[in-house]
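Chemist: One-letter residues, chain by chain:
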Amino acid sequence: MAHVDSSVTDYVLDLLPGDERRAVERHAIGCPRCMELLATAARREAHLSSMFRKGMAPPGGRLEVLWPQVALALGGHASHRAGRPASGWRAGWRMALAVLGVGLAVLASSVGAGRGLDGWLVSTYTPTLEATPTASLTPALSYTPDQWSVTGDERPVAATPAPVACSPSPAPSPGASRVGQ
Amino acid sequence: MSILAGDRVYTVEDAPDLISRCLVGDQAAYAALYRIYAGDVYRLVYSLLGHREDTEEVVQDTFVYAIKNLRRYDREKASFRTWLFVIATSRARNKRRRRWLPTVSLRRLLQTDGEPATPDCGDRPPEGELEDASQQRTLHDALAQLSPKLREAAVLRYFDGLTYREMGHILGISHKTAESRVRLAHEALRLLLDGVDGLGYRGDTECD
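Protein chains in written order, with the working numbering: chain A, 2 to 182; chain B, 239 to 446.
Please keep in mind that the hints were generated in silico from the structure rather than gathered at the bench. Treat the hints with care, since some could be wrong.
Simulated coverage check for chain B against chain A, where a stretch passes if three residues somewhere in it have a Cβ under 8 Å from a Cβ of chain A [what the hints assert, rightly or not]:
# : segment
1 : 375-383
2 : 415-426
Covered stretches of chain A, going by a simulated chain B footprint (3 or more residues, C-beta under 8 Å) [unchecked claim]:
# : segment
3 : 10-20
4 : 54-62
Label-pair distances were calculated between CB atoms; the ranges are [as the list claims (entries may be wrong)]:
# : chain 1 : residue 1 : chain 2 : residue 2 : range
5 : B       : Gln383    : A       : Ala43     : 38 to 48 Å
6 : A       : Asp6      : B       : Leu261    : 45 to 55 Å
7 : B       : Glu314    : A       : Asp20     : 28 to 38 Å
Here a beta-carbon is modelled for each residue, glycine too, at the ideal position from N, C-alpha and C.
When you get a sec, could you build the whole thing from the sequences and use the hints?
Modeler: Now the structure itself:
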């Protein structure tokens, strides 16, 4: 068999049919030049593969930071699959919308009864958007960095905060319904 | 490495059981499945996109979609990792199309996005690994200069254990086409990396 120069690429890329591959190997056993050629090409491919895997790896601890967002998106799906009542932030928003709907219905009936809007809009509910949120920033499926075993040179990472909800003002006037709670 | 407090470490061999648990809404199983495969999905997507932020979005989208659609996974047709790679590759392609990325140097792309001029490889490597980091950046730049089709083929080539049939499945092409693209990508990388220490393709040796 002639030297294997033209077959080196296909050999290292596993593109040769079985019998051709064996023929190349039989030749290389008796030809130091071709053996060196194949060995060099194989080492280079292995080194490239190693560099590739190292270079494309995520920064230390980063995958753990990404998980809470995935879990949040799956929270409703998990409850649905398990047949339990929905939980997590989606259920919270649904509940809030339901209460809002009831409140609006009460408001409409009161307006229809002649009470007017002033009393409701001025004093009963004043949403506040504080510079420092008072709501919990813990995601529905909470985790802390401690739950991921952090070793070696992994960087500490911060949890991703959940969306902040408005907090209604406390102590509404007696007899007034709370809208939006 | 533990997944959640008190849980054992899961491996690829646990995947079939974890998938079954995911199908009934076991959230701990979701996390375990993510932990097993997220690294490989990240490597694949980052190799295709070369952009950390986009990569993270695609990784998250991939797992959300995969877990929500687990009933579509057929273990007779492909391994779970291959199935994940199909989803991830599709989303990476969509992300790339939306960004309208031309085939240019990754270094230039990162400067345009306001990111550091060098690919984000985490903290500066300690002494003794600087050469590796330099080679990784060179390889990353070379991959970025390939066409998207050849880049995909080259990227999948460097994942151990993927057959050409699996590559074809992931890319939506025949295994013969996958072989052809890998051969072309290999030749392109040979030209791009020629002369680079440790990565270069030296010229053919002289006949004795």
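Chemist: For each hint, tell me whether it holds in the structure or not.
Modeler: Hints, verified against the model:
Counting residues of the segment 375-383 of chain B whose beta carbon lies closer than 8 Å to any beta carbon of chain A gives 3, which meets the minimum of three for the stated coverage. Check result for the segment 415-426 of chain B against chain A: holds, 5 residues qualifying (beta carbon to beta carbon below 8 Å, three or more required). Beta-carbon proximity to chain B at under 8 Å applies to 5 residues in the segment 10-20 of chain A; the threshold of 3 is reached and the given coverage holds. Figure legend: the segment 54-62 of chain A, annotated as covered by chain B; annotation consistent (8 residues with Cβ-Cβ distances under 8 Å, at least 3 required).
Between glutamine 383/B and alanine 43/A the CB atoms are about 25 Å apart, so this pair departs from the stated range of 38 to 48 Å. With their beta carbons about 53 Å apart, aspartate 6/A and leucine 261/B fall inside the hinted range of 45 to 55 Å. At about 30 Å, the beta-carbon gap between glutamate 314/B and aspartate 20/A stays in the expected band of 28 to 38 Å.
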